[in-house]
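The opening position of the sequence shown corresponds to residue 15 in the working numbering, with each subsequent residue numbered one higher.
None of these hints come from the bench; they were simulated from the model. Fair warning: there could be bad hints in the mix.
[Unchecked claim] Here are the simulated distance ranges between beta carbons:
| no. | residue 1 | residue 2 | range |
| --- | --- | --- | --- |
| 1 | N613 | P249 | 31 to 41 Å |
| 2 | D358 | P518 | 54 to 64 Å |
| 3 | T566 | N289 | 49 to 59 Å |
| 4 | N613 | D167 | 53 to 63 Å |
| 5 | D564 | L244 | 40 to 50 Å |
[Claimed, not checked] Restricting the straight-line Cα-Cα distance to at most 27 Å, the calculated cross-link-like pairs of lysine-lysine (DSSO-like) are:
| no. | residue 1 | residue 2 |
| --- | --- | --- |
| 6 | K513 | K491 |
| 7 | K228 | K524 |
| 8 | K305 | K368 |
| 9 | K368 | K133 |
We treat Cβ as the ideally placed atom computed from N, Cα and C, and that holds for glycine.
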Amino acid sequence: MRADLKRLKRETDSGHSAEAVARASAIEPLPAGPAAIHQSDSSAVIEAVKHHKVRATGIAAAALLVLVAAGFGVYSLVHRVRPSSFQRFTITQVTTSGKATLTAISPDARYVLTVVNTKGLQSLWLRNLPTNSDAQVIPPAPSSYKSLTFSPDGNYLYFIKAVDSTNTNFDLYRTPVLGGTPITVVRGIDSDITFSPDGRRIAFARMNSPELGKYELMTTNANGSDEKVLYVAAPASEAPSFVAWSPDGKHIAFRLFKPDKSLGGIGALEVKSGNLERLATFDDRLTLDFKWLPERRGILALYSQRGSEYFLRSQIAVIPEGGEQFEPLTRDTNSYATLTVSADGRTLATVQTKTMQNLYLLSAGGSQPGDATALLPPGQSVYSFDWTADGDLAFTDFSSLMRIGSERNAPTQLVGDANAAIADLSGCGNRYLVFSWAFHGSTNSTNIWRANADGTSPTKLSDGKADRAPICSMDQKWVFYWDEVLRQIWRVPLDGSGKPEVLPGSAVPKTLPVGMTLSPSRDGKRMAFVVATVPTQEDPYPQYKIALLDLTAKAGRPELIDADERMSTGGLSFTPDGTAVAYPIRENGVDNVWVQPLNGSNGKRITAFDSEQILNFRWSPDGRKLCVLRGHTDSDVVLIRDSSS
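Just need the whole structure built from these sequences, with the hints factored in.
Below, the structure written as structure tokens:
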């Protein structure tokens, strides 16, 4: 096109122009004088354009296209869509001990802060990445940390630590990066924290505040002063676990748990007005942790995928701004915990985890170290289990419900769905098994199901969003279970003849449920479960109680007895003779089962494990054997660096 324009110019301004004029003169004489010179130049141009009419038309169209393209290029330059982050990336393993449980990266990506768990004692370490040198920030102690972060200026370390052994109540602390005595910033915190873009304020969520059953989204100054409530809502069980302040400071995003019929989503609170909006909802994914990328380039998210691995594995993805599509970063057989990102959004730190669990069989009367026998081959996934009426064991590997003999024969499948997850399991006499089944039938709910002892004829019994931990009454008339959303104990007829209802008398005033374990006594008269007193400003630390509910009474409240403050959440059970309750106690990171008599006499330890945590335990139908589900997690810090241009 440029050549054609030059050619046209030469024809009108040079010798080629004279030829055009001569051809024009043969048709009509030219006038004389200055006016004639101007007219002859114009006529020459006109004649030349006529002569090259087709060419000129094409040139004009091409010129117009150039102008349009140039304009579009300028517009695109100003309003260009930024490419997604982490289109290309590298992964670097930072630790190799298998003992890292949490991590955070500094704003300048030069340091990582890590929780190291060594035989149940947790410590905080700071590593300088360029030199690979480590410094201990807090020495080993029987503590449990929930979340770590750096202040935006990089001068302070913030960490959330449990104030009880069951890890249900947490406080926020702050300490200088170069060392110092930690100070309490906020008492009673139920989420991670997020900083405002200017670094002056932090935001978080608090459950059962300002009253039982509600939750608050709150902000304070970075030192914990000037506490303000931004938003109050109910129920408390939907309090967000993760919050993130937007880069422009206008919104605080938070995780949504099963909004409407979706599995997960991200909501946002407008800080100035207090209005709520939904940024995105996800039909088949639940966001766990997430962080904004700078300049609103999107969100980095830790998430679980609907299906058989929902409870088993978490991965990392980028959610582009304004979209509801996940662009996965990781697609492996590991799981990831915690998610922090540098100030420039190009380096993220996370913990890569591998969990091992197994079933162990031992004598019910007590044991010595080494007495327990592993029942499953290494690598076999197991989450929940119970005895069958004939003395075999049934267990779930999430996708299937399996059966195995105590002689360690090969497991056989009873119920299975590769697109769903069986989370909890309980035997129910000679005829039935009851279990919680998530996503079966392409739903986003977890419900209670019943099947015959051989796995046939599965039947749905409940219709809540998250119904968990079913167990049958001794007379096999009812199935008791936890509503995980409402945090209430419900019951439903085992034969499916009636609707679910709240278990009468199960609510305990001024307490909160701990864990989800329910244990009816073998005589069918009482139900045991664990509660904790509600923290108050006067008494911010809870006391743990074992609630004993009389199932034969039509009204009334449970009897409360004190529980050992070292109890962990790995199960609760009446002893076979009904004279005591048993539960795991954690000492130096190791769980063992203790028996606490109901007559007030001293308890005693009945297992002698020297490693791992107890996830659940059950006595055999004849009361002679004890099966224990134990496990541990190997975990290390990894860095994922964005290498996109």
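Results for each hint:
no.	hint	result
1	N613 / P249: 31 to 41 Å	holds, 38 Å
2	D358 / P518: 54 to 64 Å	holds, 57 Å
3	T566 / N289: 49 to 59 Å	holds, 51 Å
4	N613 / D167: 53 to 63 Å	holds, 58 Å
5	D564 / L244: 40 to 50 Å	holds, 43 Å
6	K513 / K491	holds, 13 Å
7	K228 / K524	holds, 13 Å
8	K305 / K368	holds, 23 Å
9	K368 / K133	holds, 17 Å
Every hint, counting from the list given before, is met by this structure.
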